[in-house]
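In case you want the letters, here they are:
Protein chains: 2
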Amino acid sequence: MELLLEGKRVAENIKKNFEARIKTLKQQKNKTPYVAVLGITGDEASLTYVKRIEKNCEKYGIQCMIKIAQNQEEFIQNFKQIKQKKEITGIMFQQPLPKKIAELINQIPPEKDIEGVSDLSMGKLFMGQENSNIPCTSKAVIEILDFYKIDLRGKNIVVVGRSNVVGKPLIPQLLNRDATITICHSKTKNIKEILKQADIIIMAIGKAKFLKKEMIKQGAILIDVGINFEEGKMVGDIDFEDVKEKAFAVTPVPGGVGIVTNILLIDNIITSVEQL
Amino acid sequence: MELLLEGKRVAENIKKNFEARIKTLKQQKNKTPYVAVLGITGDEASLTYVKRIEKNCEKYGIQCMIKIAQNQEEFIQNFKQIKQKKEITGIMFQQPLPKKIAELINQIPPEKDIEGVSDLSMGKLFMGQENSNIPCTSKAVIEILDFYKIDLRGKNIVVVGRSNVVGKPLIPQLLNRDATITICHSKTKNIKEILKQADIIIMAIGKAKFLKKEMIKQGAILIDVGINFEEGKMVGDIDFEDVKEKAFAVTPVPGGVGIVTNILLIDNIITSVEQL
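Chains A and B, in that order, are what the protein sequence lines are.
Residues in the first sequence are numbered consecutively from -18, following our numbering.
Residues in the second sequence are numbered consecutively from -18, following our numbering.
Rather than coming from a laboratory, the hints here were simulated on the basis of the structure.
Hints are supplied without guarantee of correctness; some may be wrong.
[Said to hold, decoys possible] Pair ranges (Cβ atoms, derived): (1) Glu25/B / Ile57/A: 49 to 57 Å; (2) Arg134/A / Gln53/B: 57 to 65 Å; (3) Gly200/A / Lys80/B: 38 to 46 Å; (4) Lys12/B / Ile47/A: 30 to 38 Å; (5) Asn171/A / Glu211/B: 31 to 39 Å; (6) Ile57/A / Pro90/B: 24 to 32 Å; (7) Lys177/A / Ala26/B: 42 to 50 Å; (8) Gly23/B / Asn(-2)/A: 31 to 39 Å; (9) Gly200/B / Lys177/A: 44 to 52 Å; (10) Asn209/A / Gln178/B: 28 to 36 Å; (11) Glu174/A / Gln58/B: 21 to 29 Å; (12) Asn145/A / Glu25/B: 18 to 26 Å.
The model shown is predicted, which means the values in this text are computed figures rather than measured ones.
Where is the CB? At the ideal position from N, CA and C, for every residue including glycine.
When you get a sec, could you build the whole thing from the sequences and use the hints?
Below you can see the structure in the form of structure tokens.
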């Protein structure tokens, strides 16, 4: 491996202006970023995630309101109240949510959809716009590639995974950068053959250490979006130890895409106030 | 070639219920499909297209209002008026349009966006919904493949062209059918190599007779979205005569995707009233 793609360095670069940007917002617009996170009790892992958001917000002087409902009805009530509060500049839902509740995402006012998960945000992105809110994980992949000056033009990029929050939103961003893209998933038949031809591979399937050295070509660039747990240890979709000699560059897990994703959520929160 | 993919047969199958569907709408909802087409004078080819829509609407008893403005201001005025008319169930813009005007597309009420070209329609499609209005040309490709019972699951499909009206909207529709997709375009470096591995190729780049037999594998299925003119004769992006022995199936031009596209516009016009 020639290059360890360190999420920390990318994140540092994004967050270095947070303080100044928030200060400017207060001075010029008399606005403070203020995010509301809505959830339902139950999922422990996702509660941990919410706590981390709260902590991150606190760090940068962003107001944060967490509303965890006991049931769906309470969630709906909370959402109604939050929508009416003008001082709240960003709204996000803790995932996963029951389907009925999840559909409320499209009722988040477009300018407050800081996760970029509504139909409208997704549509804007697919129409080629990158100034709207973009799902943070997909954007983190692009930020890492951009930071390390990896030219995507004409490159064969294989995205493994077709989720609405990673695989799909990556497509327009990669097309904007003139990459040739292949999207693989669980129904792909000849995935090893396809991976072998890729200049860049983006793994987002949630299968621990799936990608091995015999599946990649010499000098490939590998981005690992996966977060899996193996014997209590966090591992990605890439078998880092196995591929590290053959690949040109790899993102580690932890320390790769995840850190950048967290910082980009804060970035989206600030940006959406800047764009008001 | 084993199979000529005839657009006419697919179109016949779609339009056979038009009359009954329109009758039902009148009886059950007291609604008549009524489409408004807004344009600006200038582009002759696009005017011909508008005339064809008018004729098609007439054939099926769909009301159609054509408003061709002399300039941008008049267009904006026309659009304002049309938006206020409750009896109009579908609105479409004649393309191409100046950028300032083209952006008004997002002000078409979602349920009247019969071409599926707004950010919101595109977003819904990318989130996996196929019950909303879908850009007709992209849907025509799918209708042809469906009609001829071509299974897409796990197939390697190469889409050549990344436009907002064909290449991009094809992506979610093909993903919904479990295909593995590669999107190529003008910046793709090794297009011949990529095409050679495709089970199905969808050409949408507007280059007359670009695809030759040496670029495809034996038995490939070829869909031609291209409409080009060579010495006054309409030809596709595929060199039909050259590939016809080697391919398993091909859509002709004319007589392929185009006919189905025209019928799907009528289908979208009727469907959007059914969904009201």
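Quick one: are Gly23/B and Asn(-2)/A within 31 to 39 Å, going by C-beta?
-> violated, 46 Å
Whether the CB-CB distance between Arg134/A and Gln53/B falls inside 57 to 65 Å | About 35 Å separates the Cβ atoms of Arg134/A and Gln53/B, which means 57 to 65 Å is violated.
Can you let me know if the beta-carbon spacing of Ile57/A and Pro90/B is within 24 to 32 Å?
-> At 26 Å between Cβs, range holds.
Is it true that Glu25/B and Ile57/A lie within 49 to 57 Å of each other by Cβ?
-> holds, 54 Å
Satisfaction of the hinted span 28 to 36 Å by the C-beta atoms belonging to Asn209/A and Gln178/B = Given range 28 to 36 Å: holds, Cβ gap about 30 Å.
Given the range 30 to 38 Å, decide if the beta-carbon distance of Lys12/B to Ile47/A lies inside it.
-> Because 46 Å falls outside the window, the suggested range is violated.
Cβ separation of Gly200/A and Lys80/B, checked against the hinted range 38 to 46 Å | holds, 41 Å
18 to 26 Å as the expected CB spacing between Glu25/B and Asn145/A, which holds or is violated | violated, 42 Å
Outcome of range test on Cβ distance (Asn171/A, Glu211/B; 31 to 39 Å) = Hint holds: Cβ distance 37 Å, inside 31 to 39 Å.
Does the Cβ-Cβ separation between Gly200/B and Lys177/A fall within 44 to 52 Å?
-> violated, 23 Å
How does the Cβ-Cβ distance of Lys177/A and Ala26/B compare with 42 to 50 Å: does it lie in that range?
-> holds, 44 Å
Between Glu174/A and Gln58/B, is the Cβ distance one that fits in 21 to 29 Å?
-> Between Glu174/A and Gln58/B, where Cβ atoms are some 57 Å apart, the hint is violated.
Violation of the numbered hints given earlier is confined to hints 2, 4, 8, 9, 11, 12; the remaining hints are satisfied by the structure.
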